[in-house]
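A.B. asks: Add chain G to chain Y, keeping to what the hints say.
Here is how the chains run, residue by residue.
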Amino acid sequence: MMTETAQRDETPVLAIKDLRIQIGGLDVVDGVSLRADRGRILAVVGESGCGKSLTALSILRLLPKAARIAEGRIELEGTDLAHLPEKDLEDIRGNQASIIFQEPIASLNPLMRVGAQVEEALRLHRGLSHAEAQREALAMLVSVGIPDPQRRARQYPFELSGGMCQRVMIAAALICRPRLLIADEPTTALDVTIQAQILDLMKRLRDEVGTSIIIITHDMGVVAEMADDVAVMYGGRVVERGPVDTIFAAPAHPYTHLLLATVPRLDGHRKSALRTIEGIVPGVDQWPKGCRFRSRCPLATDVCARRPSLDPVDATGHAAACWHKDRLREIA
Amino acid sequence: MTSATASAPLRQVGKPRRSITRWVPIILIAFFVLAAVFAPLLAPYDPNSQNLLGRMRPPGTMSRSFHYLLGSDELGRDLLTRLIYGARVSLFVAIASVILSGVVGVLLGMLAGYLRGWVELIVMRLVDVFLSIPAILLAIITVAVLGTGLVNVIVVLALTRWPRYARIAYGQTLSVANMPYVRLAAFMGASTPRVLLRHILPNIIGAVTVVATLEFGLMVLFEAGLSFLGLGVQPPTASWGAMLSSGRNYLATAWWIATFPGLCLFLLILAVNLIGDDLRDRFDPRSQ
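Chains Y and G are the protein sequences, given in the same order. Numbering of the first sequence is given in this note's numbering, commencing with residue 921 and proceeding in unit increments. Numbering of the second sequence is given in this note's numbering, commencing with residue 74 and proceeding in unit increments.
Looking at chain G on its own, in the form it has when it is part of the complex:
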């Protein structure tokens, strides 16, 4: 349903479907967020307690005191428990890196677009440089330098992703900065920070939000990718990417180890992207 190009009568017909695509992802994300927040209450076991006698048990089996609803991994740890705890890492890394890179990128982009001159030159060329290097490669190099760990992963992701925000904020600021109300505010004695935060930011935040939702999905994927490569969150901390990575070795014998974290990643990213699409449609004046 591409609402931007659909004619009015078609949109009428499409309405019920749109409300489903609007609510399902929100419910899904709420589900993941609740799981992450209340992990200690929801998870049946400790995420790191091993049961070497009950290694790689299929979903629904029991071994000693463990009841493996979604099976166990190669060390006999409960997969459901680790998925719930893994949601914490995935969501925390994604949210923190989106906020960090968003704030840095939007600030630099707005400054470049509003002040122009040499600020624009330096910031935007820097953006070009960053965007010309594949993000995951840049992330790998930075982790190699900074070392692994949760905080480092967040810093690395922010470092590699701020140019996307900077570019969109820059473009939007350029178009808003010449509006009479922005010029008037500046003329009337509003300081640069005031003009940026009070007059420009509210008018560009829509586009930035859309980028942020798309980036959020990507950040979940990046964290998983880094963990998958052994550069992210270190064992035994549960993370969907790390679980996927270790489960890959047993794909032929124990499919559930890699499948469930993969499914969670898939659903989370899908949900976030659907919300991003929806937001984009709402913020796009042509679709209203």
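The shape of chain Y in the complex, shown without the other chains:
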């Protein structure tokens, strides 16, 4: 617990403060605050449409044209990226902070050799010569576990499997040893055994390179496997956040509770039906006032019409935005 607190006191690698993102005048991300601490993995979890991907993209200001950051600060080691000129951002992207996407194969240029694509960030940001960049790229390919890297580097993406392509993407993203890696559903397109390998790889590189990782996912399995900290998002807001063990052991928000209950358990009754959360995520324009989970929440009362704040539950940094934290036991 002591080391935990000590770690928390230093400035985080990334701190998002009260981020509000608008699309067509509607708040799709509303007052989100997140922090990624040095060398830790933060998982942002939620259903489709909860704003987790937008939040991730906004960090490097990669939002689609229709969306804009209306409010808030995004501090990467103290520099506010939300208000940085585009020119300065170019030095940061791929250098101090990188991102990898869901589709590893589409993320690679089909007509460029794999090795050249890993080198690209080095040559852009470090101005290395071809020979130097090549040497570093090969070393990186080795450390992401690509066998026979000399040969692989000369191949084109279509000659590689999906898992192999994601390894290459990770190599390209980490080649400049960034402080922060944003992984937007990095394993969704891969099959389960490859998923586990990629997750292991990311964890290992986190230790070797010392990169903080923000992983965006809807997969609780990935969260349990990877994360040190978790932020649960619903309706464009963070509804609960805290260390992964605390959240899994004692969720304080009904949404998190229900989300965890939907995960099938090895020791559960095999005959019992899989749990679901009633209803669907309402459209952006149909979110209820106050607590946005109100329309699907079994605990909802009149008080939920007021917006709950993200209040601390205990001293570990666990916080939840719910009026009924004490009534969670009522959910069957």
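Because the hints were derived from the structure by calculation, they are not lab data. These figures come from a predicted structure and were not determined experimentally.
Under 10 Å between C-beta atoms, here's a sample of chain Y residues computed to sit facing chain G:
1. Leu-980
2. Arg-981
3. Leu-982
4. Leu-1009
5. Asp-1011
6. Ser-1018
7. Gln-1022
8. Ser-1027
9. Met-1032
10. Gln-1037
11. Ala-1041
12. Ala-1093
We put the beta carbon where it would ideally sit given N, CA and C, even for glycine.
C.D. replies: Relative to chain Y, chain G alone:
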């Protein structure tokens, strides 16, 4: 043989025929290119030396020191010699104008498709304007303003033909620009020229190449057309179009003057179009 729609077994049967249509045009073009490059070595006589006593001699006849393999024209010049030298003009004009219009068109098209906004608006509306005017008419007007001559013909053809490339490059760029790898490259700090040349261009060059081959045939025809109208290469320089034009007057009395340049044009354009068809089939993912 429409390979795009043919089923697999049919394609198997069609294979030998395809290899013939693949090689014949390449051999033909190689033949024309070699003739053009080595014209001074291959041509039996000087293209401009006249023999007024041997005017309009049919193929295979002799007059004074001339042996007219393909006959002579209205000034007694050797037709074979002039055809060989004419290949230089036709091929040079076609290649130069395809390259010039291709480079300009592809660059503008890529910029429009990648940068969008006002660049897209200006470039693509300009393309619409250019494409709405018949190309040969536009060429005639421009020649009237700029004057005739080899270089001017090339400039004129490039000026009238770049919109075709711009439109195809624009459309292809639109579809490629949203691919994650292009967005990633841009996000990772690659400059706009780098993204365009390194990531987008290689992925759209296939479609552009197909257009270029079709355009090549058209350029040969356009040069011939301009020369035919007296707006292209000026006499006495030999050009297939100009030869065709002057031979037209003697079609009834000396058929060979117009026929041989016409045949050369026909074969060259056919060959180039066959190659274009073949390339299109190869680049079309549905036919693979």
